[in-house]
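Asker: Chains as they are written, first to last, in the working numbering: chain Z, 1 to 206; chain R, 207 to 548.
These are calculated hints, taken from the structure and not from any lab test.
Treat the hints with caution; some may be incorrect.
Unchecked claim - Just some of the chain Z residues that point at chain R, by a computed CB distance under 8 Å:
1) L27
2) E28
3) Q29
4) G163
5) L165
6) R182
7) L197
8) L198
9) L201
10) F202
11) V204
We treat Cβ as the ideally placed atom computed from N, Cα and C, and that holds for glycine.
Listed below, chain by chain, are the residues.
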Amino acid sequence: MESPDPIPISALQHWRYCPRQCALIHLEQAFDDNLHTARGNALHARVDTPGAETRAGCRIVRALPLWSDRLGLSGRADVVEFLPDGTPYPVEYKHGRRRVRDFDELQLAAQAICLEEMTGRSVTEGALFYAGSKKRRPVRIDTTLRQAVEDCTAAIRSTFAAGRLPPPVNDERCRECSLRDRCQPEALAIPEQQRQLLARLFEVDE
Amino acid sequence: MQLLNTLYVTTPDAYLRLDNDTLRVEVGQDTRLRVPLHHLSGVVTFGHVMLSTPLMHRLAEEAITLTLLDANGRFKARLEGPQSGNILLRQAQHRRAAEMAFALMTAHACVAGKIRNARQVLLRGAREAKSESERAQLERGGNDLAASLRALPGAIDLDTVRGLEGEAARQYFARFNLLIRPDRRDAFHFDGRTRRPPRDRLNALLSFLYSMWTSDCRAACEAAGLDPQLGFLHVVRPGRPALALDLVEEFRPFADRLALSLINRRQIDTTSFVEREGGAVLLEGDARRDIVVAFQERKQEALQHSLFKEAIPLGLMPLVQARLMARAIRGETEGYLPFVFK
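Let's have the full structure, built from the sequences with the hints guiding it.
Answerer: This is the structure we're talking about:
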């Protein structure tokens, strides 16, 4: 039997933001840029070039491919610092400032789980670097985060397997979303309105 | 959603090339135009226009579609990057086309959109009619179309739907001369639809506008990941963009209205056409350019869509509708809802 394609680590973050956005990107291969994604791309142009250097006894590796066969995840870490004892320490670059919700932590935890499987060492901490504030924030990879990665991966896998888009959320998230036009949240969020318009399609308005 | 420009190049022997991040149009030794690529969503060339491969690479990369039309506006070819196209959606579309109930429901909707919009063209003509008898005739036309609209849900197979559509078109075009200003009726007289080739000026004008709308609908289907060749109302035939033709039905009355305003405002004249031996009538080169300009301007006009809060530029409507079609095919909505003009 064909093993399922690994889920991109980035899908976890998309899923956490909006399951429909995640499915549009990964299932329908939709992608539109907006201001937020353009900023992200500009930032990542700097960290996306593979390479390694050594600083203060730490080996710093950029754009490192990651995977977990156990969870069926694959992706790439912006930066992984290998501490002098060989323990990997993932650092994820984010444009803007620290965000209220936990998407970034989730992504970092997924990276940590991959690094554990790849190196056989336990990864208990990573960091988020916010380009807006130039602040680096350490994140504990605890059991709650690990469980969230597992749950999220399972939910994504079952949606992808079913091949169906989750319904639009049509809330404040949509304002910031680059896929708004493709998603058509306004048009699809109220099935009742659509049904009524369809029912009246053959009536003559005077 | 931003309405980016489509660059239409109608000048024969123009050469299009990439110049850093701009597209440069040269004719002979002259540079006629420079357009930054980020202002463009599409490039459309008519007839003998040349372009460089570096430009083609860049257009593909930036997901700017390149469409090649012949000098009369008929579709020849299209270049697009790897972004669009979605196998799951196409698979669903093929399944749906074989599902009789869905195909019939979608065909009903496409024809209803066309009839409703066509009826608005006649009723508007009636409101503006100068004589009582013309007003009455146009209103009667509106009533005939209303009857066709009401009959649609009862059409239980596609041939019956197509029959109703054809009958509605005959009723509509039978009144079309009344929409032309009386002092323009000698120059623009309509005696039924003729195409391939059009045999009078009005038909030549309509054919040209329809082919531009169809080209936009085809691009919209492709941008939405749909297969433009597999339709519901229109029968599949090699080379025929059946789904784009389904989608364009609701937009034809917009082409008709533009044709009427070009004639009634004297923006085009008898000198805009050439008559070939045997009776075929073709648009003359400069007139084509003027019509393309008028078409582009009309596309900027924002109209209210029943499903959206904000008004949407007419030029984006095919894409909006193609996406609604994709959603209907995917089963996210109960059926396809055409864009209906109030």
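Asker: If a hint holds in the structure, say so; if it doesn't, say that too.
Answerer: Here is how each hint holds up against the structure:
1. L27: 7 Å, holds
2. E28: Holds, about 5 Å.
3. Q29: 6 Å, holds
4. G163: 6 Å, holds
5. L165: 7 Å, holds
6. R182: 6 Å, holds
7. L197: 6 Å, holds
8. L198: 5 Å, holds
9. L201: 5 Å, holds
10. F202: 5 Å, holds
11. V204: 4 Å, holds
Violation of the numbered hints given earlier is absent; every hint is satisfied by the structure.
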